[in-house]
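> Residue numbers (full-length UniProt numbering), protein chains in the order written: chain L, 1 to 456; chain P, 1 to 456.
What the hints contain is simulated information worked out from the structure, not anything from laboratory work. Glycine is no exception: its CB is placed at the ideal position from the N, C-alpha and C atoms. Any given hint might turn out to be false.
Label-pair restraints from in silico Cβ distances [said to hold, decoys possible]: (1) P:Thr423 - L:Asp340: 26 to 36 Å; (2) L:Ser304 - P:Ser304: 36 to 46 Å; (3) P:Asn312 - L:Ser304: 34 to 44 Å.
Reference listing, derived: stretches of chain L covered by chain P, where coverage requires no fewer than 3 residues with Cβ under 8 Å from a Cβ of chain P [unchecked claim]: (4) 13–26; (5) 64–78; (6) 151–164; (7) 202–213; (8) 234–245.
Protein chains: 2
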Amino acid sequence: MLELKINEFYFGYYGMIADKLKEINAAPGDYISIKNGNKQFNGTLMPKNEFSKEDIIVLKLDNGYNIGVKINEKSEIQLLKKGQLTTHAGEPVKLVEKEITPPENKRILVLGTGGTIASRVDYETGAVKPYLDPNELVAAVPEVLNYTNIEAEEILSIFSEDMNPKYWDLITYNIFKKFNDYDGLIIAHGTDTMAYTASAVAFVFNKGLKGPIVFTGSQRSSDRPSSDSAFNIISSAIVASKAPFGEVCVVMHGETSDSYALAHRATKVRKMHTSRRDAFQSINDIPLAKIYPFEGKLEIINKSYKEKKDINPEFGFDDRVALIKYYPGMSNDIIDFLVDNKYHGIVIEGTGFGHISNRLIDSLERAYESEIPVVITSQTLFGRVNLNVYSTGRKMLQAGVIPGEDMLPETAYVKLSWVLSRTRNMNEIKNYMLTNLAGEINLRHELRLYPRWYHG
Amino acid sequence: MLELKINEFYFGYYGMIADKLKEINAAPGDYISIKNGNKQFNGTLMPKNEFSKEDIIVLKLDNGYNIGVKINEKSEIQLLKKGQLTTHAGEPVKLVEKEITPPENKRILVLGTGGTIASRVDYETGAVKPYLDPNELVAAVPEVLNYTNIEAEEILSIFSEDMNPKYWDLITYNIFKKFNDYDGLIIAHGTDTMAYTASAVAFVFNKGLKGPIVFTGSQRSSDRPSSDSAFNIISSAIVASKAPFGEVCVVMHGETSDSYALAHRATKVRKMHTSRRDAFQSINDIPLAKIYPFEGKLEIINKSYKEKKDINPEFGFDDRVALIKYYPGMSNDIIDFLVDNKYHGIVIEGTGFGHISNRLIDSLERAYESEIPVVITSQTLFGRVNLNVYSTGRKMLQAGVIPGEDMLPETAYVKLSWVLSRTRNMNEIKNYMLTNLAGEINLRHELRLYPRWYHG
Numbered sequence: 001m002l003e004l005k006i007n008e009f010y011f012g013y014y015g016m017i018a019d020k021l022k023e024i025n026a027a028p029g030d031y032i033s034i035k036n037g038n039k040q041f042n043g044t045l046m047p048k049n050e051f052s053k054e055d056i057i058v059l060k061l062d063n064g065y066n067i068g069v070k071i072n073e074k075s076e077i078q079l080l081k082k083g084q085l086t087t088h089a090g091e092p093v094k095l096v097e098k099e100i101t102p103p104e105n106k107r108i109l110v111l112g113t114g115g116t117i118a119s120r121v122d123y124e125t126g127a128v129k130p131y132l133d134p135n136e137l138v139a140a141v142p143e144v145l146n147y148t149n150i151e152a153e154e155i156l157s158i159f160s161e162d163m164n165p166k167y168w169d170l171i172t173y174n175i176f177k178k179f180n181d182y183d184g185l186i187i188a189h190g191t192d193t194m195a196y197t198a199s200a201v202a203f204v205f206n207k208g209l210k211g212p213i214v215f216t217g218s219q220r221s222s223d224r225p226s227s228d229s230a231f232n233i234i235s236s237a238i239v240a241s242k243a244p245f246g247e248v249c250v251v252m253h254g255e256t257s258d259s260y261a262l263a264h265r266a267t268k269v270r271k272m273h274t275s276r277r278d279a280f281q282s283i284n285d286i287p288l289a290k291i292y293p294f295e296g297k298l299e300i301i302n303k304s305y306k307e308k309k310d311i312n313p314e315f316g317f318d319d320r321v322a323l324i325k326y327y328p329g330m331s332n333d334i335i336d337f338l339v340d341n342k343y344h345g346i347v348i349e350g351t352g353f354g355h356i357s358n359r360l361i362d363s364l365e366r367a368y369e370s371e372i373p374v375v376i377t378s379q380t381l382f383g384r385v386n387l388n389v390y391s392t393g394r395k396m397l398q399a400g401v402i403p404g405e406d407m408l409p410e411t412a413y414v415k416l417s418w419v420l421s422r423t424r425n426m427n428e429i430k431n432y433m434l435t436n437l438a439g440e441i442n443l444r445h446e447l448r449l450y451p452r453w454y455h456g
Numbered sequence: 001m002l003e004l005k006i007n008e009f010y011f012g013y014y015g016m017i018a019d020k021l022k023e024i025n026a027a028p029g030d031y032i033s034i035k036n037g038n039k040q041f042n043g044t045l046m047p048k049n050e051f052s053k054e055d056i057i058v059l060k061l062d063n064g065y066n067i068g069v070k071i072n073e074k075s076e077i078q079l080l081k082k083g084q085l086t087t088h089a090g091e092p093v094k095l096v097e098k099e100i101t102p103p104e105n106k107r108i109l110v111l112g113t114g115g116t117i118a119s120r121v122d123y124e125t126g127a128v129k130p131y132l133d134p135n136e137l138v139a140a141v142p143e144v145l146n147y148t149n150i151e152a153e154e155i156l157s158i159f160s161e162d163m164n165p166k167y168w169d170l171i172t173y174n175i176f177k178k179f180n181d182y183d184g185l186i187i188a189h190g191t192d193t194m195a196y197t198a199s200a201v202a203f204v205f206n207k208g209l210k211g212p213i214v215f216t217g218s219q220r221s222s223d224r225p226s227s228d229s230a231f232n233i234i235s236s237a238i239v240a241s242k243a244p245f246g247e248v249c250v251v252m253h254g255e256t257s258d259s260y261a262l263a264h265r266a267t268k269v270r271k272m273h274t275s276r277r278d279a280f281q282s283i284n285d286i287p288l289a290k291i292y293p294f295e296g297k298l299e300i301i302n303k304s305y306k307e308k309k310d311i312n313p314e315f316g317f318d319d320r321v322a323l324i325k326y327y328p329g330m331s332n333d334i335i336d337f338l339v340d341n342k343y344h345g346i347v348i349e350g351t352g353f354g355h356i357s358n359r360l361i362d363s364l365e366r367a368y369e370s371e372i373p374v375v376i377t378s379q380t381l382f383g384r385v386n387l388n389v390y391s392t393g394r395k396m397l398q399a400g401v402i403p404g405e406d407m408l409p410e411t412a413y414v415k416l417s418w419v420l421s422r423t424r425n426m427n428e429i430k431n432y433m434l435t436n437l438a439g440e441i442n443l444r445h446e447l448r449l450y451p452r453w454y455h456g
């Protein structure tokens, strides 16, 4: 017999609808009627597999089509005839209900910072604006309460494109102040700069975290039907309450469908698409865990995670760091400008193994003489910087640059900002940058870390 | 019967070795002896499937192991016994030889510019340095001569990280001057900035090309055993001689193994890995063609290519364009510096849909008032800029920025440099940037364009 696995709620139904169905003892396969005012629908009750906060019951009509019927408090549902679900071929389908195993008394705090996950359309301009009362957010996604005791608090209300190192300070102070009373934290954050902020938090708490800190957000406004908010918030609640690690991660859709979410290590994740729900992907590392929110399941896929430890923060960021990109024809003036204007550090996205034009090496030397560290990363994103292969790279090393290993340019920028608030000594900076502190350097690259492109 | 497909040379053997084997009428399965001076090897002749420029014959020894025996002019090969290749299970193997269909009298010109494909180790420092006589290059890879009549010429001898818009001029002038006498061109180029140069050439010849212009290079030095030079050069020769399009493309390994190469549209390709052989991948578009060099086969996978036409160049690049990347905490000073220093145009890699901080919008307005066009792309690389969704984007549009559609930041930089040498009129610049000229804007994104990451 075909077994259809459904989630641990009432055949996929939640709250008021589940109550109404239980009251009349209706299960999928039964023939029921739904009355909404003077409209009536008769059909076979179907299990609801697709996760949705919409209040609908799925009916298979006599003509074979499935429809979703909107249910409100006044809807009347009647059981007309008990029945049995079958496949198209007429084979009976057995519904296997999963056990509910909520983590006991896990306490989660959601800190709101702004962004699409808590946004609504501004009906005046048609644009999306943030709304930021996290209590409203939790109220909009009551399913998370099945897993955990969640409280919510707003600490910031900005678009993520306006995020900056001062706000990183504010966020990390709040985490330190509040984590004590909770088992895990969720930071609701706009997706644009979420990876930067998540890695900032990862460096501050690289010496110890008592549980997971989960950054999450939404690629679609939560009042749109295709919103990914609920899926991501529930997946985040699972990670915050169940994950065995004391790490900072980003939890977002793993695929474009509602199949699973991924928990990416904060220092290795990057937003790789402007709009897809699975825009966040790990670069040069395997994600930490895969989450199946319908089953409440968390699967660790990267075992080299940090264990939970006492919280041990190292606060502070330097906001005089620049991230620039090398391009053919770039002249010396931009680097010279940064040196002249007493920037404290520079991260360069070089080409290939980390090269920039030989013409610019003078400017690198000037930076070094002015005690401004220059960290080299690669605009290829994948792979590892290596300045020993070609003569240009060797000249760059002689000019004192720090090769950024396999760090993402964005992570190297955040790390240098954090390092510069600890020390301005050039040797110490170099040691910090070359030491893996928060998973930002992965010494072992497997072939499968490189994604597979469509090749016809 | 198992059929083993082998390439169109003599069971995988070329040149002198093929001649020696034909002379004694030896075919795979036959038992032969090879004498090198006073060393003798007896074994079963095996077909040579792996492409290699090394002069070896593969023998299966009596103990079952395969070895490669190096052959030189003086090696003596004798047929000891005719035989039949079998599988491990003893099943006979039939060797199916492919027909040779060399394109008739196709003339290809290789223009050398430098880079790893023509590099050798500097034994003094251990670093790799370019050597740039393309005749030497062709001599090192004689197999290309089986497909085409190839001539070679050196027009530049630089590392690709030293490439700049002045050299783009030099390369495009050379192409125009020389293409007339050839059916296709191959530009040997260092991989670091190859995509930038290829798209520069694509914009200059966007109105017409009489045949393919193929950029190729190597991720490994050609004197290392794992070099990809030969595979890439042969694949490029196939594209240059057989491809039906009049487009500029980049031809490099499609996978890390020697299975197939890909021809990527110049304006949609990006180096995505520091060291892998399949580092070049198409972003937001399907590659133009797949090439199987061992079979001499080219398969078009993207039918929306430009047909061959009379060559019609529009030369020139403006070298006062900057490409900068937005990051959280970026201050106004970098954009202000570019405006104050009379840069002619700026391309910004924004976050997500193309956002930058609201604090920087004043600087965008200053740029617009100074008639400096600002083009917005996204650091996510995949997807399309959309400044209409959120209020920050709408303010940026009001400040006069040009949304870069789904263009790669690097392509937008090259295009703006090319456009600014045509016009300085702000409206004309905008029209140019929003019009698809060389495949740089793809209006139709299929889901499969996004690569598949490893998710455990």
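> All hints are to be evaluated individually against the structure, with a verdict given for each.
Here is what the structure says about each hint:
1. P:Thr423 - L:Asp340: 26 to 36 Å: holds, 33 Å
2. L:Ser304 - P:Ser304: 36 to 46 Å: holds, 44 Å
3. P:Asn312 - L:Ser304: 34 to 44 Å: Cβ of Asn312 (chain P) to Cβ of Ser304 (chain L): about 56 Å, so the range 34 to 44 Å is violated.
4. 13–26: violated (count 0)
5. 64–78: Contact hint for the segment 64–78 of chain L vs chain P: violated, 0 residues under 8 Å.
6. 151–164: With 6 residues close enough to chain P, the hint holds.
7. 202–213: Coverage by chain P is violated for the segment 202–213 of chain L (0 residues, Cβ < 8 Å).
8. 234–245: violated (count 0)
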